[in-house]
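All chains, full assembly: derive it from the sequences and hints.
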Amino acid sequence: MFVLLRQLATIRGSAGLTRGGSRWLAIRHVDAGSCNGCEHELGAVTNPLHDLQRHGLDIVASPRHADILLITGPVTTRMAGPLRSAYEAMPEPRLVAALGDCALGCNLLGDAAELVGAVQDVLPVDIRIPGCPPTPDAIAEHILAAIKRDI
Amino acid sequence: MTALHHVEPGEWRRSIERALGAGERFGGAWARAQDGGLSWRAVIISAHGVRVIWTEATGGAVESIVELVEAAGWDEREAHDLYGLEFDGHEPIRALVTHPEDPAAWMTPVTGDGVHQIAVGPIHAGVIESGHFRFHVIGERILAMDPRLFYKHRGLERAAEGRHHDAALPYVQRACAACAVANTLAYAHAVEDATGLQPDRELRVARTALLELERIYNHLHDVGAICAGVGFAPGTMAFAALKDRAQQINAQAFGHRFLFATIAVGRGAVELDAAAVDAMRAQLRELRTDSRAAWRELEFAGSLQARLAGVGVLGRDDALRLGAVGPAARAAGIREDVRTLAPRLAYDGFTPAAPHAPAGDVEARLGLRAVELEASFDLLEGLLVAPLARGSVGRIEDRASVGIGRVESARGATACAVELEGDTVTRVHLRTGSYANWPALAWATAGNLVPDFPLINKSFELCYACVDR
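Those sequence lines, one after another, are chains S and W. At position 57 of the first sequence the residue is numbered 56 (numbering that gives the first Met the number 0), and the sequence of numbers has no breaks. At position 160 of the second sequence the residue is numbered 159 (numbering that gives the first Met the number 0), and the sequence of numbers has no breaks.
Any given hint could turn out to be false.
[As the list claims (entries may be wrong)] Simulated restraints, written as ranges between beta carbons of each label pair:
(1) E16(W) with G80(S): 22 to 32 Å
(2) E373(W) with N106(S): 49 to 59 Å
(3) Q52(S) with E298(W): 36 to 46 Å
[Unchecked claim] Just a sample of chain W residues kept apart from chain S, beta carbon distances all over 10 Å, derived:
(4) M0
(5) G88
(6) H89
(7) E100
(8) M106
(9) H115
(10) E139
(11) G154
(12) G230
(13) D289
(14) A292
(15) A388
(16) E420
(17) N447
(18) P450
(19) A464
Quick caveat, the hints were computed from the structure, so don't treat them as lab data. Cβ atoms here follow ideal geometry from the backbone N, Cα and C, with glycine treated the same way.
Structural data, given as structure tokens:
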């Protein structure tokens, strides 16, 4: 827990995010066909032990309010359309994050006829968060590191 | 070994009728493509165990049993969509897995003055799995709800087929993270059933402990989710933190927060030495104490309690008719739990938690989880008394072509059917507690107000992933 806070403080500091600063990034999540593991861990990122909001990141309901589209799962044939619609609804500039090994295409399990493929086969991916599923710490670290790199 | 009986196609409906008349129940069905034709198999559950009956689809059709067993509705619709199997007497057979454009092809027809529809999903407002709900409403009152799932259908069963039974296990595991132990254990049981293997005491103890650890983090999650369903943040946050602690215990002992790769076919996959078992027992006791304290807070939280009673009622008769299982069924007064009939696990003398005269509403489903948490902590106290050894299996029977495994997941009875040729999986079918309960959730939604749906939904807390597969 305290290790995590130290890590986040370090990342935050090197990302130039001052405490109490005005940077605020909104994340819209889309489940494109996951096993629900990544959803559980993304949910855990906002629990009191991890509390990502303190670092200027929050999960929002509409893609129109979002800076980052965070996508889980291999993209199924039935979710490819809704996923593209969510992306198109976002204002620019926008980032796409692929969360978990399925989204990254490293460990695709399923019938090829039912899957479009990894997220990068559908949308340009800016942030890659590996893991099966990635732990809440890993999710927080990758997103905060990406903010440092891209903004 | 699970008995396998052939039934003449013209006798299918009658044989189901006879089984029901003898007090047996339907436990799921699956289609099998073989030698250019299709066959149709059903799991029949009795007080003593399970058996499988099967028939061939002459001309690509079999007799429907939905008139007798409403719970078979989804099984028939799924086989129709995925295998092209026709069901005589299932009229109209609405799409389940496929997503036709025409609303009439999948939706309940609801018409009348003032009736309109609310479409929700597949992408929801929060961090939630993808699925679509179509509400038929007058004003705020829900008349009916059609869940349209299978947005996450990955064809996992088909992808697993043709593989060695060890190589097929990850496909079952990936069906659902939150039910990974239950699903892979049902699969391991099914393969061991088909190959005539029986786990020894040590393996049964380790697997039982894993299943209860999975139930604890899920039930803690589900209590928090119900708080989220009414916007009661203190409860949501308290139970989210408790769930995280439960998952940290899993990770510390077995290297994975969701206990992935802890179940293998025909052998044990984990062990814990005495120090690790002692540490886990101490952590679980602390977690239990804190969970009880958090639960007491909920009992005295007026703004939460005021939202629970009389909402999302699933009565006993409807729960039986629709084939509901698990906490949803027990909160409706059905005293059933696969843990009472689990010779392959270590639940000796287990009695299911079931209240005397439950209301079948959100309050009953929430309260039942609190009781079941206590039972799971008790079970682990009894299991974690010595180092967990890997254990092994012994051959007790000859091999058979079909095996069935049934396990009580956090959502209810989960059945896995496996067909083997040698060690190769020719068909695997997973019918999870969530799959069994979705029609019951849809039923319990009718008559309620639209803003209560998230709460009702969370009180069942069904997975989409292990339904869609």
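Right, here's what the structure says about each hint:
no.	hint	result
1	E16(W) with G80(S): 22 to 32 Å	violated, 43 Å
2	E373(W) with N106(S): 49 to 59 Å	violated, 37 Å
3	Q52(S) with E298(W): 36 to 46 Å	violated, 29 Å
4	M0	holds, 30 Å
5	G88	holds, 29 Å
6	H89	holds, 23 Å
7	E100	holds, 12 Å
8	M106	holds, 17 Å
9	H115	holds, 23 Å
10	E139	holds, 20 Å
11	G154	violated, 3 Å
12	G230	holds, 14 Å
13	D289	holds, 13 Å
14	A292	holds, 15 Å
15	A388	holds, 27 Å
16	E420	holds, 20 Å
17	N447	holds, 22 Å
18	P450	holds, 15 Å
19	A464	violated, 4 Å
The earlier numbered hints that this structure contradicts are 1, 2, 3, 11 and 19.
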